[in-house]
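Here the protein sequences line up with chains A and B, keeping their order. Position one of the first sequence corresponds to residue 12 (our numbering), numbered consecutively onward. Position one of the second sequence corresponds to residue 268 (our numbering), numbered consecutively onward.
Some clues are possibly wrong.
Said to hold, decoys possible - Derived DEER-like restraints, expressed as beta-carbon distance ranges:
1. B:Gly-283 <-> A:Gly-72: 48 to 58 Å
2. B:Gln-347 <-> A:Ala-64: 44 to 54 Å
3. B:Gln-308 <-> A:Glu-53: 14 to 24 Å
4. A:Thr-81 <-> B:Asn-285: 27 to 37 Å
5. B:Arg-326 <-> A:Thr-37: 14 to 24 Å
6. B:Glu-319 <-> A:Ser-90: 27 to 37 Å
7. A:Lys-63 <-> B:Gln-308: 47 to 57 Å
8. A:Ala-64 <-> B:Ile-279: 39 to 49 Å
9. B:Gly-352 <-> A:Thr-37: 25 to 35 Å
10. A:Thr-16 <-> B:Leu-327: 40 to 50 Å
11. A:Thr-37 <-> B:Leu-322: 21 to 31 Å
12. B:Leu-327 <-> A:Tyr-50: 48 to 58 Å
13. A:Thr-16 <-> B:Ser-325: 14 to 24 Å
In short, the hints are calculated from the structure, not lab data. For clarity, every value in this text was computed on a predicted model and none was experimentally measured. Ideal Cβ positions, reconstructed from N, Cα and C, are used throughout, including at glycine.
Each chain, letter by letter, is given below.
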Amino acid sequence: GDSVTQMEGPVTLSEEAFLTINCTYTATGYPSLFWYVQYPGEGLQLLLKATKADDKGSNKGFEATYRKETTSFHLEKGSVQVSDSAVYFCALYFGNEKLTFGTGTRLTIIP
Amino acid sequence: DTGVSQNPRHKITKRGQNVTFRCDPISEHNRLYWYRQTLGQGPEFLTYFQNEAQLEKSRLLSDRFSAERPKGSFSTLEIQRTEQGDSAMYLCASSPQESPKNTEAFFGQGTRLTVV
């Protein structure tokens, strides 16, 4: 079945560092891909998405490109801030009417 | 509208007791989803509704679990004869269209269940 494999955490970075969180997927076909973020004490929020190959999703300085050839959707940000500290979930949707999530990556940014 | 609302936020119950959680989706959202999230894991799909119709149930949803959405608005998730393995965060999400492919699923803050 469809699945998402996400970079294990936790990840700790200094402020203004470059961030990459890896995500690869397995699906029979071409799913839509998502990154969700969960800030402390809050619900999951959509961060960005891409619905077809080579699409780039972007929001709040974060970017991810849908790579069909490598079945990947890695999350990147050029300069992280303390306020980016959260848990990040990669997810996919493909025709089965539900989102399938990765295990999440906890990110901590140190001032 | 302030988003998806879940109640209670926290529930502690003794093993063997029944519990019921409520989810109020964003108004006029047709789709409503329930997920379960255990520590260190991503959300796992449990079930979803299109209006009042329950269209799919995960194998994770044992016979002790039941969900309803009687009027196509709020939904309840009941767990009977709770077990310690039921301890988790239960998440509700709603979506304004027929699938999350082209639109966002909005999540509530969840109900954290602890079975002692």
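A quick look at each hint next to the structure:
no. : hint                               : result
1   : B:Gly-283 <-> A:Gly-72: 48 to 58 Å : 49 Å, holds
2   : B:Gln-347 <-> A:Ala-64: 44 to 54 Å : 45 Å, holds
3   : B:Gln-308 <-> A:Glu-53: 14 to 24 Å : 18 Å, holds
4   : A:Thr-81 <-> B:Asn-285: 27 to 37 Å : 47 Å, violated
5   : B:Arg-326 <-> A:Thr-37: 14 to 24 Å : 19 Å, holds
6   : B:Glu-319 <-> A:Ser-90: 27 to 37 Å : 47 Å, violated
7   : A:Lys-63 <-> B:Gln-308: 47 to 57 Å : 28 Å, violated
8   : A:Ala-64 <-> B:Ile-279: 39 to 49 Å : 47 Å, holds
9   : B:Gly-352 <-> A:Thr-37: 25 to 35 Å : 27 Å, holds
10  : A:Thr-16 <-> B:Leu-327: 40 to 50 Å : 20 Å, violated
11  : A:Thr-37 <-> B:Leu-322: 21 to 31 Å : 24 Å, holds
12  : B:Leu-327 <-> A:Tyr-50: 48 to 58 Å : 26 Å, violated
13  : A:Thr-16 <-> B:Ser-325: 14 to 24 Å : 20 Å, holds
In summary, the structure is inconsistent with hints 4, 6, 7, 10, 12 from the numbered list given earlier, while agreeing with the others.
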